[in-house]
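Okay, here's what each chain looks like letter by letter:
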Amino acid sequence: MSNRIYNILFHTHTISGIIISLALYVIFFAGSFSFFRDEIISWERSESISEGWALQEMDFDVVLDTLQARKGIAKTDVAFNQHYDEQRTSVSISVPKDAEVNEDKGRRGRGGRGNFFYMNTQDLKTYDYQESYSFGEFLYRLHFFAQLNFFGRSGYLLAGIIAFFFLFAVVTGVIVHWNKIISNFYIFRPNNSIKNLWTDAHTALGIIGLPYQFMFALTGVYIIIGLTIMSPAIISYAYNGSQEEAYDDFGFNPPKFEFVGRPLDNEFSVNDLLDRTEEKWPEFHVHNASIFNYGDENMHVQFTGKSDFNKKFASAGTITYRVKDGEIVAEKSPFQDVSYLDGARSVILRLHFGDFGGAGLKLIYFSLGLLTCFVIISGVMIWLVARDKKHVSPVKRKFNAWLVWFYLAGCLSMFPVTAFTFVMIKIGLQDPGDDRSAFIFQTFFWSWLALTLLFTFIRSNAITNKFTLILGGIIGLAVPVANGIVSGNWLWVTLRNGQMDIFLIDALWLVISISAILIGSKMKANNAEEEPANHAIPSRKSVATVD
Amino acid sequence: MPANKKHLTPTFIHRFSRITAGFVGGYFVTVSFFLALSFYFDKASVLFTLVFGGFLLWVALMIIAFIAKSGWKIWGIYLLLTLCFSAIVYLNQPTPTI
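If you're matching them up, the sequences are chains A and B in order.
So the first sequence is numbered by numbering that gives the first Met the number 0: it starts at 0 and just counts up by one.
So the second sequence is numbered by numbering that gives the first Met the number 0: it starts at 0 and just counts up by one.
Please note that the accuracy of each hint is not assured.
Said to hold, decoys possible - Listed next, the in silico PhoX-like pairs over lysine-lysine satisfying Cα-Cα at most 25 Å (straight line):
| no. | chain 1 | residue 1 | chain 2 | residue 2 |
| --- | --- | --- | --- | --- |
| 1 | B | Lys4 | A | Lys395 |
| 2 | A | Lys389 | B | Lys5 |
| 3 | B | Lys42 | A | Lys388 |
| 4 | A | Lys255 | B | Lys68 |
| 5 | A | Lys194 | B | Lys68 |
| 6 | A | Lys388 | B | Lys5 |
| 7 | A | Lys179 | B | Lys72 |
| 8 | A | Lys397 | B | Lys68 |
| 9 | B | Lys4 | B | Lys72 |
| 10 | A | Lys255 | A | Lys179 |
| 11 | B | Lys4 | A | Lys389 |
| 12 | B | Lys68 | B | Lys5 |
| 13 | B | Lys72 | A | Lys331 |
| 14 | B | Lys5 | A | Lys395 |
Hint data in this document are derived by calculation from the structure and do not stem from the laboratory.
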């Protein structure tokens, strides 16, 4: 590689990296916790999935009869969606099919936009979106900046652009590092200059995490903005402007069944159809059940899902029954002849969500996610240290130092803030009437802002690092305690009851907190290499505040 | 260690031409390339590949634009490629039925 190309790519790697660093850290930190989205939700609600949870274990006949009695679902489409491993499923009920005669009134009247709520598959209690909002959901949505959707989907777009430039940074980083990829892998010079330390850490861990990071960059950019960026051209030029046609080809559109308007004569049982499906495909996980034209002569029932990951890694399956005679009118086996489209899509999703190996795999994913956070931080540190030279103008050095104080304060305080929110939702969010999302938003974002400002103005990266770890560790130790006191789910209780999801969260916090305290207490708070020397002396008072 | 300045493009306009060539031009080439392919292979499969794999091609085109000797030249090449692929797409458009 010529010197010219090397330097150009080095520069693009540096610039793209430093621009996305803070946002990318947030994505990886929140994303790492999102692997445990479902476990966090079980922990929050004390609704362990060990007590049963899956959609296909639900008694559909009872549920549909209840819904018919309570809400009147005749002539509507009802869809149950359960994309996550939790006790609740979402339920949406369409507008009655014959309501279109007086369209104006029908749209605005009861259930004009249909009806959407959550239902516990075990005790059939229902909840609206607000009552079902959770910290697991919050962290999950934070990792693609859903909270920044101020203008349309601006948050998603931002997350997508960050992911795209992350992909760019990963590729240019590998090219830049190419010639030294093997020799430098074994080099670690902790006692050499501080710049060497950061560089060795950045490159070695970057190479270890490379497959993982590359995979996340690519799958992430596809999931969050793939269609937004690419589909307008596809629809205009390959499908003659017909979105309907394009989505049919991509398999996004639900099937359509005409509403006849004559009531169904015979008795029917959705449970029977589900039993038949399970008999046919024993390792099929149903995550969507759709009932079309409830109670009509042309009523249909469709189950959609995927195969167990032990049986087949990537697949999508669906089966549709006509209720009148119980005939299968359409089927796509999740075990045989999986199409390229379904296979590619489910491989991407499986890889991204890490749902193909149980809790052990998720823990590995989680550790690799935190490792990536470290790679991001070390990259920022290289950037800073390499520019902290005598020939760089003082104004620039001052700006760089402030920037990194702010970056580090923002990034590293996410750890204590997350721990704090975990504790607060146990202590302060038990009343079912509470405004759950407002409480979680305010707890998380205000404490994040406060800690970020505090650590920025202390102006010491060493102090930020040491005390975010210690603070996060101490608060993190309170997470299992709060769960024990408020919900009675002490670690030994959940372990004995086999509520492994709740146990996992408490145990995870215990391990993280103890390691964080141990590491934090071994760190020196007054690093001699503090950037511009004249700013490095932190006041005693600020240290006391943090401690 | 910051990259050696003598190898970097000095003026704003040169840098601007490269960034836009890679980001905007790269996007046009990527999309038109896959669209053109979609008329010769299985349509849905090619287009779905665009939705995830297109980003890889786009990144590669961005890198090429950055290491090119001239930003305007690479703009020209990308436009030419886009034109070629677009011509294929245009010729394959179904004639509208009246």
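Status of each hint after checking the structure:
The straight-line distance between the Cα atoms of B/Lys4 and A/Lys395 is roughly 17 Å, inside the 25 Å bound, and the hint therefore holds. Under the criterion of a C-alpha separation no larger than 25 Å, the hint pairing A/Lys389 with B/Lys5 is consistent with the structure, at around 20 Å. As the CA atoms of B/Lys42 and A/Lys388 are separated by approximately 56 Å, the hinted pair breaks the 25 Å bound. Restraint check for A/Lys255 and B/Lys68: not satisfied, since their Cα atoms lie roughly 55 Å apart, outside the 25 Å limit.
Restraint check for A/Lys194 and B/Lys68: the C-alpha separation of about 32 Å exceeds 25 Å, so the hint is violated. For the proposed pair A/Lys388 and B/Lys5, the alpha carbon gap of about 18 Å is at most 25 Å, so the pair holds. Using a Cα cut-off of 25 Å, the hinted pair A/Lys179 and B/Lys72 is violated, with the two alpha carbons roughly 32 Å apart. For the suggested pair A/Lys397 and B/Lys68, the alpha carbons sit about 35 Å apart, so the restraint of at most 25 Å is broken.
Restraint check for B/Lys4 and B/Lys72: satisfied, since their Cα atoms lie roughly 22 Å apart, inside the 25 Å limit. At roughly 58 Å between alpha-carbon atoms, A/Lys255 and A/Lys179 are farther apart than 25 Å, so this suggested pair is violated. A hinted pair counts as satisfied when its Cα atoms are at most 25 Å apart, and B/Lys4 with A/Lys389 qualifies at roughly 17 Å. Between B/Lys68 and B/Lys5 the alpha-carbon distance is near 14 Å, which keeps this suggested pair within the 25 Å criterion.
Between the alpha carbons of B/Lys72 and A/Lys331 the distance comes to roughly 50 Å, so the proposed pair goes past 25 Å and is violated. Proximity of B/Lys5 to A/Lys395 is assessed by CA-CA distance (about 20 Å); at most 25 Å being required, the pair is judged to hold.
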